[in-house]
Amino acid sequence: MKAVIELDLPTPQQSRSFKTRQSFVDAGWDILRNRSWESVSITDIAKKAGRSVGVFYQRFGSKDDFLTVLLNRWLETSYTSLNSWPPARTASELIDWYLHDAFDRIRANRYLWRAALQRSWDNAEFWEPFRVMGGRRRETLFVKLGDLRGRPLNEDEQHRLGVAIQVFNSVLNNALLNDPGPLRADQPEFLPALEELFKAVARLELD
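Take the sequence shown: its position 30, counted from the start at 1, is 30 in my numbering, and no numbers get skipped.
Derived by calculation from the structure, the hints in this document are not laboratory data. Positions of the beta carbon are idealized from the N, C-alpha and C atoms, including for glycine. Take the hints with a grain of salt, since some may be wrong.
Claimed, not checked - As a list, the in silico BS3-like pairs of lysine-lysine whose alpha-carbon atoms are at most 25 Å apart: (1) Lys63 - Lys19; (2) Lys19 - Lys48; (3) Lys47 - Lys19.
Claimed, not checked - Pairwise CB distance ranges, derived in the manner of DEER restraints: (4) Arg136 - Ser39: 31 to 39 Å; (5) Gln118 - Arg16: 32 to 40 Å; (6) His100 - Gly135: 17 to 25 Å; (7) Ala124 - Glu38: 14 to 22 Å; (8) Asp65 - Ser92: 39 to 47 Å; (9) Glu128 - Thr77: 16 to 24 Å.
Construct all of the structure, not just a fragment, from the sequences and the given hints.
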């Protein structure tokens, strides 16, 4: 199973070349916090990075390749975060953190996440690294919940919890992509409603 999206781009060999590449990545990451991918031009990215458009093409080849680099950064940070979950005293506390973390990370990078979802429409295989990463987060949650409860989750509990995570992610993704209402992702009641839905589907005995 792939942990990253494969991309045939030259690897920076010198410190200055790496810094140039990183300046573009940081610029793109920052721009996508406030603007949709389709509204962003290569000129916008180059200007934000303090570089020329020509240098952008030397490093990335195309806007689509650059998006792949940004998405790989998302995957890398997601895997790194698996080792830095905060300690939880109870199962309820752990689940509350898990849901808030997922919501906050996606909402903060909503336009990058939308671009990933839109790309997956045209290529189902593209989503595989994200599916693998999501599976790792889910498995980590199972293990930590088992530790807090003093026993591993049984097969039925894992299934219900997995379905609850799928429902949570699906509603959040739909809100970010299509904004169908009545609740919207930027409304304060959105996350509490999602948490209630999650717990109703999971039906776990907590604490």
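Quiz prompt | Violated hints, by number in ascending order, as checked against the structure | solution = Structure breaks no hint.
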